[in-house]
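There are 2 protein chains.
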Amino acid sequence: MLLRIDRQSPKPLYKQITDEIKTLIDQGVTGTNMPLPSTRRLAKKIGVNRSTVIRAYEELQALGYLKSKPGSYNKIQKRRKEVKYNPRRKSLIDWEKYSNYRAKEIYEIFLRYSPESPIKTNFKATASNISQLDLYPRLYPMEEFRRCVNHVLHENGSESLEYGTYKGYEPLRRIIAKRLRLHGIAVSEEEILITNGAQQAIDLIIRMLAAPNRKVAVESPTYANILPIMQFNGVKIQGIPMREEGMDLDYLEKTLEKEMLSFIYTIPNFQNPTGITTSHQHRERLLNICLTHKVPLVEDGFEEDMKYYGKVPLPIKSIDDKNVVIYLGTFSKALFPGLRIGWITADKECIERITAIKRFSDLSTGNLAQMVLYEFLKRGYYDLQIRRLHRIFRRRMQIALKTMEECLPRTVSWTRPSGGYTIWVKIHKKLTEIELHEFMSEYSVIVSPGSYYFPRKRSSGYFRISIAKSNEQEIEKGIARLGKALHSLS
Amino acid sequence: MLLRIDRQSPKPLYKQITDEIKTLIDQGVTGTNMPLPSTRRLAKKIGVNRSTVIRAYEELQALGYLKSKPGSYNKIQKRRKEVKYNPRRKSLIDWEKYSNYRAKEIYEIFLRYSPESPIKTNFKATASNISQLDLYPRLYPMEEFRRCVNHVLHENGSESLEYGTYKGYEPLRRIIAKRLRLHGIAVSEEEILITNGAQQAIDLIIRMLAAPNRKVAVESPTYANILPIMQFNGVKIQGIPMREEGMDLDYLEKTLEKEMLSFIYTIPNFQNPTGITTSHQHRERLLNICLTHKVPLVEDGFEEDMKYYGKVPLPIKSIDDKNVVIYLGTFSKALFPGLRIGWITADKECIERITAIKRFSDLSTGNLAQMVLYEFLKRGYYDLQIRRLHRIFRRRMQIALKTMEECLPRTVSWTRPSGGYTIWVKIHKKLTEIELHEFMSEYSVIVSPGSYYFPRKRSSGYFRISIAKSNEQEIEKGIARLGKALHSLS
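Chains as they are written, first to last, in this note's numbering: chain A, 1 to 490; chain B, 1 to 490.
Hints in this document: simulated from the structure, not taken from any laboratory. One or more hints might be untrue.
Heads up, the list lumps identical chains together, so a pair's fine if it works in one copy or across two of them.
Derived PhoX-like pairs: lysine-lysine, alpha-carbon spacing no greater than 20 Å straight-line [as the list claims (entries may be wrong)]:
| # | residue 1 | residue 2 |
| --- | --- | --- |
| 1 | 81 | 378 |
| 2 | 81 | 469 |
| 3 | 178 | 430 |
| 4 | 22 | 84 |
| 5 | 44 | 311 |
| 6 | 75 | 254 |
| 7 | 348 | 97 |
| 8 | 97 | 484 |
| 9 | 348 | 484 |
| 10 | 294 | 45 |
| 11 | 11 | 90 |
| 12 | 124 | 378 |
| 13 | 294 | 258 |
| 14 | 81 | 258 |
| 15 | 402 | 477 |
| 16 | 322 | 84 |
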């Protein structure tokens, strides 16, 4: 066996040996079942340390080139043959027919929303995208995250990869509970359930409370992704109109006089999509309505921490001394969307009932991410990140609103949020999502069509813009393009 | 301000400064709104580098001791007051009443299974636990995992914490597809969906295919955690008796002649709980039945890789040229249970329909875990791990079966698995789970009651033991104790 070893090469010696032998085997120079020289002999022959050859053989075994039976570690293994993939193979099953009707419905919605759908492909690669609600990745505190990961892998070891408890990693629940108590919400770790992001939290709550004879009330417009999962879970949706000061509470009261609701869903801070924050009075009245009618209130605090203009009213959960509020939180909006960690806090029995559903739907949330997040919170990195984002987004929101004043026509109106990322724009013409995208694609600016946010609407005179994933220049440019588009519309 | 700094201390200087100032603030020596000395002044005064003081002030800010408004970074912040938690606060909502009946049912099952339930607390801390199916944590390849995490955080950076694509990280799907093709399953990455473990995969499939007028057929006994989630999703369960050679196919055919099924669920290798592996002939006939009746077959390959006694028949999916098989895989059984990564492979349209449900139920699976797993597979670490486990568990299973021969009475019989972790034991007396646990607690050995694994059974003449989380000594000791218990039973 002839191996070419280059001592000047930056490639490690063991790697050179591995690659040389791989090539010999792949080219058929050495055949199946042939033994390689013993590590001692080969080491001597090419003049390297024996441990270098051992490492190379281990690598070859890991890659499947050598046998793994005792006594034949040196022997070349027959390479497994890959079967060929046939993309034209048809299924005997008609999946449309086998799916239940809710699964059919959600699939159609999925295709409508799909990134590969024709709607979005009209845009040039250089289009300004001011539609996305996930945070600008350069603002992720990567270095702090790395430190926490290393700490956890070093300190917690294999525990970080074992099954976690159903409710979630206890120290994480404890530190979240403490944070909540500092924000006026009087809960303990027993009343917290960790979920795979806030979306799973919503799904679980619906799966517990949905009932065929009861509707769920949501603000109209509301968070777009909640509507399909409600429909999928067999929930009838009752939209409550959104006014300048928040959900129309007279309308809600009239609804409750007519029928029972499974729950009411609200986003009191920087509402998605409108950006509206409700007053303390509005929160008190909403809670009182829930108390009067004994109906659970789901409060989505998804951007609670993004109050960069200073004080906003305390969460409704903080004045809820009758435990009717189910509060949702997430780390996806100010930290890392892809970490997939959210949580629910509510009455202990309610949390345990939701935990039962989670336990059988995915066993538990990954321990590692929870442990890293705990470390991150404990070290104060999260608070530092929040302060940093406050400085940055206070400025970005100012720039966005100023540029809108300058560039958008008088016929258009929009909200002026006191935090968060989204601004809601009203135009004087109703458009479907396809019409809006087609129109905007001429001006190379992507916004989020209003129809996504209303229950049962295919066209609307609104759209949402978001400053979450754009820097100052991108915001200015996107809004300038938007201005050109809207001027041509009027 | 007097700070005690000890230059001989192993504690870093910046940390000493931080802690000293914290103490002064906590003790009220320096009050709210008071400014700390400028970093320059303090550095000069105590004779340290200015950067040391800056780091200390940053730390104090992160911990909430200093204000975060521009121009007042040195000023002491009023400490937020924590609200007090009142554990006796009652909820106005009757959660039992508000839950739908399926949520009520699953909560009752959860309480039955709960680790805090009275059933298990009877055992002494020194009891032998041969009931658990998760891998012995000392066998996790932690060092290799760490290397992969570091690589991903370094190479992929913030991408690892962004939202992932709905189907999962593409390189991971590609490498899984390649592995599957090497095992005879002809699929591409387009036909793979990554899930939060195999449990989520099962939940998603049920949510798509469950229909009010159709049952689902499962082996009886079968995987315990699948039964509650089927019930919860409104599925009626049809148990098909498990024989020595696998699911009773005559019984299955008769069932299919009488009624339509949503799907058939099977575990052909090292079935949980029985440990039975079906023959190639059995697999062919089962597939043919599905083709004849055009019914989807869900093949759970959860321990596919644990064939440590050598060859087992190829997966049913490998002979499925009509795309009726939905195949489930997981990395929880041979690698890390807590990583929560599983996958589904099936006909492309089927996968896309399941993806639609996943997209709205939790948006996506965490990118970081997927990227690390990809790196782990690419480097051949997974194959090394499998070979290592094969050596270890071949031996452990031999010891388990040998000890059973020696210690268990003649009146008892059990399966002799050709891989995997579980052995199924038949006794001559029917016991409920509580009766079995109470009896076994006297002999300090924990096994898994058979009634968990049968649809609608509260007592059974079986139990499952598992060698996954015990070493050789623990297996011997546990089975010896089991022998004593069973001798006293007969």
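Hints violated by the structure (numbers, ascending): 2, 3, 4, 5, 6, 8, 9, 10, 11, 12, 14
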